[in-house]
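Using the sequences plus the hints, can you model the full thing?
Single-letter residue listing:
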Amino acid sequence: MSAILEVEGVRVRYRVKPALRALLEGGSEAFIDAVAGVSLTIGEGETFGLVGESGSGKTTLARSIMGLLRPREGSIRFRGRELVGIGPRALKAFRREVGAMFQDPVGSLSPRLTVRSLLSEPFRIHGLRERDLQGEVRRLLRMVGLSDEFASRYPHQLSGGQARRIGVARALALGPKLVIADEPTAGLDVSVQGEVLNLLHRLQQELGISILAISHNLNVVRHITDRLGVMYLGRLVEQGPTDAIFEEPRHPYTLALLSANPHPDPDAVADRLELSGEIPSPMERPSGCEFHPRCPFVQARCRESHPGIEGMERGHAFRCFYPVGG
Amino acid sequence: MRRGAKGAVLEVRALSVEFSTARGPLKALRNVDLDVPAGSVVGVVGESGSGKSTLAGAVMRLLAENTRITAGEVRFEGRDLLRASNAEMRAIRGERISMVFQDPMTSLNPVLSIGTQMVDIQYRRDRSREEKNARAVEMLRRVGIPDAERRMAHYPHQFSGGMRQRVAIAMALETEPALLIADEPTTALDATLEVQIIHRLKDLQRSEGCAILFISHHLGVIAELCDYVVVMYGGEVVERGTVRDIFHRPGHPYTEKLLECDPARIADRSRDLPTIPGDVPDLVALPRGCVFAPRCAKAVDVCGRDAPPDVWLEEGHEAKCHLAAKAGGGAASGFEGGAASGAGPRAGAGAASGTAAESGAGEGAGAGTRTASGGAPA
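Going down the list, the protein sequences come from chains D and C. Just so you know, we're using the numbering used here here: the first sequence kicks off at 12 and counts up by one. Just so you know, we're using the numbering used here here: the second sequence kicks off at 459 and counts up by one.
Honestly, the hints are just simulated from the structure, not real lab data. Don't take every hint at face value.
Unchecked claim - Pair ranges (Cβ atoms, derived):
#, chain 1, residue 1, chain 2, residue 2, range
1, D, 65, C, 784, 47 to 55 angstroms
2, C, 584, D, 37, 32 to 40 angstroms
3, D, 48, C, 527, 53 to 61 angstroms
Note that the Cβ used here is the ideal one computed from N, Cα and C, for glycine as well.
Next comes the structure, spelled out in structure tokens:
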């Protein structure tokens, strides 16, 4: 399996204090690292899932891969070509090959454009006016299982599931090789969620695309991804094949995340690793292992030094001195 | 949740609510019955547009201007809230019934400190400033806010999402209400915080003894927290029962499908996930017969023709479905006497013996409307 996307040591930094104020006040940090050195590889035709709680840096990482944010450090290679630091023209060419689905199915569509305009916009942006736009719109609608009459509708006339289908069609309009789906099912009812995920899967099979799926819904991720990365405070604390991570999580945070998932069965025995506290602010990164203040298995060493990447057998890696299980 | 059970803090009877829209009246709730027994947690589960939040809004009488309550009663502590004056409602809201909303950022005032807000909500109490402060700190501690005294001076934006929701819960419980309505209180929170909040709610419910009406679309949370469950679809209650009835022996095809669709219940990894084909019903132009029939894989002729009865399946468990009736469920016993139907907690005994007198008053009306409603939504 050859890699379509290789992310290496990416760090994305946000300024949290204006430069002048930082200079005058000195002392505290003027920046936070929302993504603090992430490496991952996505194979051809593979679905890679990114999970983690709000503020863990999932969306920031995705936006830097799409070229919407410039990483401060690291390298992002798409089919062997470096993306970090490329010019606007090359970036535009790259964006023809990567499709994006953003959070909020209805909110990510312009309320003032019809479905027809929304679906032909990617062609116009990329100067593909010579194509039969009407035909393309019909093709895309059919691809996502909607009838032609949807072309004249506005986003507010769509249900959540229909809007999501339009989002899928837009992402796939130019025949990308990689689709980045940020929370593809957030805000959808369970009865509709399956529909969208099945559609994505069918199209992935037909078109041979790779998918980077970001979600906080572990139940969804388990079914749709081949490999999984768990983010905490801007770092991947564990990654590996989805089955391996669900069956044998090694990082305590992954274990807590998995066990926090309430099971829809009143008699389920909740053998739960409950975490106290919340994800700390990246402005005040804890010393040593950044998970230590919340970790139930914390030891002295965890407070002092930062664990590197351990494991790596069968592609299952984690950052922890005292991994669970195994 | 036995209907008409003694000891129910909240009894909703044959409640129907309409919104006037440009296309005509939108029938958001039709003939909804619901009981919340004292000290229990009742979950209302359903997808968007099923009427869950409208139900909560109707109980609190906090609905938009274009709302019309066309029928029914909301009995709380012996009176019908739908007929209470505005002044009476103000005395009840926050005092006897409190509410926790989905988004703690918008339900707290961003320009007042948490302490100020915690003290303000005690305006009805004859307490000194110091006592109110002490009580506020005490409540914040009880919901697990560390360093509560210092946190009193902080503003909502200085709290994280999980902490804000705890503050909202602390406020809701400060007055020791008889009923807490929680409308998707954990939807905006991450998984590890969701669990914290649910446990906190459960502990508080035990220690403070209030009843909770818990609205959610998250089946896992409902299974973990609730004693009784009401399943709503298209503005109707389609099934009710104990949490085990609903999750282990669903009697309505919609409940079955809903459970089936939850990826958390699918043990083996699958790329082909189940769905419910079709769309939610248009509540302005309702389908004839059963609201779920157009999407129901098991529908037969009668489903598209007549509105289904409430079928008694077992003590406290009923489903609004023709097929359940055919399968020989307790054959629409719900229509007689009202009190015989409905989900019974321990109320089982209490209600069976004690309802006769009690039911004379309100139940008759409840049962009557329900019978009449057989064909109403058509």
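Each hint tested on the structure:
1. Roughly 48 angstroms separates the CB atoms of residue 65(D) and residue 784(C), a value that falls within the hinted 47 to 55 angstroms.
2. The beta-carbon spacing between residue 584(C) and residue 37(D), approximately 51 angstroms, falls outside the hinted interval of 32 to 40 angstroms.
3. Roughly 58 angstroms separates the CB atoms of residue 48(D) and residue 527(C), a value that falls within the hinted 53 to 61 angstroms.
The earlier numbered hint that this structure contradicts is number 2, and it is the only one.
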